[in-house]
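Residue 395 in the working numbering sits at position 395 of the sequence shown, with consecutive numbering throughout.
Hints are all accurate, no fakes.
Beta-carbon label-pair distances, calculated as ranges: (1) Asn444 <-> Ser329: 15 to 21 Å; (2) Leu26 <-> Glu326: 46 to 52 Å; (3) Lys322 <-> Asp445: 28 to 34 Å; (4) Leu230 <-> Ser281: 23 to 29 Å.
Below are the DSS-like pairs computed for lysine-lysine, each with C-alpha atoms no more than 27 Å apart in a straight line: (5) Lys464 <-> Lys392; (6) Lys336 <-> Lys102; (7) Lys389 <-> Lys336.
Hints are computed from structural coordinates only; laboratory data are not their basis. For clarity, every value in this text was computed on a predicted model and none was experimentally measured. Think of the CB as a built atom: it goes at the ideal place given N, C-alpha and C, for glycine as much as any other residue.
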Amino acid sequence: MENSDIKKLFNYDITNEKSIIERARLLKGKSLNDILVSSPLSKEIINTANKGRVGNLIEKHWFGIDNNNLSEPDFKEVGIELKVSPIKEMKSNILAVKERTKICRINYQTLVNEEWSESHAKSKLNKILFIFYKHDFNKDNWETQKILNFRLWSLSSDELIISSEWFKTKDQVISGFAHTLSERNYQVLAPCTSGTGKNIPQPNTSNQALAKERSFALKQPFINFLWDTLNDSNKYESIKDNLDLSTNENLELQVLSMINNFSGKTINDIAKLTNAPILSSKNAVRSVIMKLLGFKNESSKIKEFSQLGIQIKVIPIDTKNKTLFESISFPAIKFKDFAHESWKDSTLSLDLNKILFIPVSRDKLLNSDIKERILEKAFFWSPSITQEKLIKMEWLAYQNIVKQGVKIDKKPQNSKKGYVEVTSLPKESSTEIIHMRTHAKDSNDRDIDQFGTSIVKHSFWLNKKFVNKLIKNSLNS
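All chains should be built: construct the whole structure from the sequences, respecting the hints.
Here it is in structure tokens:
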């Protein structure tokens with residue numbers, strides 16, 4: 001469609017950035033059905049099995065852009081690429097980005113001769129207009145999904161780390177090792193499997209090894225940071241600024257160095273040295289650690305950790321034997337959503353991306369004073385290839401049971417209700433790394449699965465035995 005036709009039919013100037021933004025602003029609150037009904041184009045039957053249907057619909061019926069695979073940005077005159085990102089609802093009505101954002105297909109043959117400044121990826125990354133919509137796993141309701149917000153993001157703010165990862169991919173392809181590329185080795189711009197995932201030729205390989213078809217994609221934690229700061233940017237502080245680092249390259253080492261310099265000291269001693277208040281909440285230790293790292297507000301989120309998908313887990317351990325008091329939990333799942341998740345974009349996969357474990361030892365007595373608890377040696381952990389395969393296998397086993405319907409037996413018990421609910425889900429003793437069990441305020445804090453069955457809220461947990469091994473390895477290293 002010609003630019004003049006777009007201006008006439010859609011009432012905006014596709015060659016003017018301000019006009020494009022105003023057009024995007026009008027999207028807020030509209031459902032996909034609203035977009036179709038108001039479209040000046042002829043109506044069409046939407047293939048609900050097509051994963052890119054929402055993006056295609058918005059491109060064509062709201063902005064007048066023909067769906068294409070061209071190398072230039074969607075709004076080529078102003079260098080803006082359009083990306084549509086689904087938002088899913090987590091526990092406590094928290095909204096988060098559902099998946100990574102594909103940028104462009106990787107052409108192994110041409111990548112080896114590209115320069116970053118003129119590369120296909122950079123042309124698509126320079127400016128991106130993100131349209132965020134509320135995702136519904138129920139395909140029958142897809143037309144009711146609504147646009148939540150939009151954001152124009154510029155590469156310049158994050159170009160250093162993104163370009164370094166582009167070069168990392170290029171160097172591996174030049175060396176003839178495109179077949180060994182792995183998304184797990186990247187923090188922001190990753191070479192993700194795409195299309196059918198078929199094997200295709202690659203240059204510079206001596207054994208004619210084929211490589212999986214891949215695309216450059218911005219990983220979910222980075223997109224989620226863009227979404228989260230769209231609603232409230234004040235809750236973030238930069239640890240890179242606090243530590244005066246020019247890049248993220250030595251971020252983890254610097255963080256560990258600062259924390260472990262206080263290893264062996266009591267929380268009270270650390271609080272005095274850092275002028276940190278000791279709160280009465282369950283986040284008391286974490287707030288002292290944040291002050292230790294130079295944060296002005298102990299409740300702030302760490303900008304770089306959010307961008308890179310790094311979680312902090314302060315874990316209480318026994319002073320004598322340095323073992324956990326209990327397994328480590330993650331946020332409660334929604335059974336309906338869990339049944340439809342894919343592993344690569346699953347909530348648990350993202351939760352396990354990388355974790356900063358901060359062990360704090362105390363006496364077994366539950367009422368032991370927080371001030372007297374001792375900071376132990378902190379460490380980062382992310383699943384190895386072998387561990388991830390096992391976690392995925394255990395995750396799929398739980399998902400299969402949920403898909404078929406969790407069986408619930410009511411066993412007699414001397415309690416108010418007179419019984420206790422026992423599910424058909426495997427217990428911790430039946431798994432190696434993860435298990436699923438209740439994670440609720442009480443038996444009345446419940447969820448409903450896709451069959452309408454009421455069940456006490458559950459979450460995934462890292463097995464106590466597995467984490468104890470991690471702690472032991474860290475303390476002995």
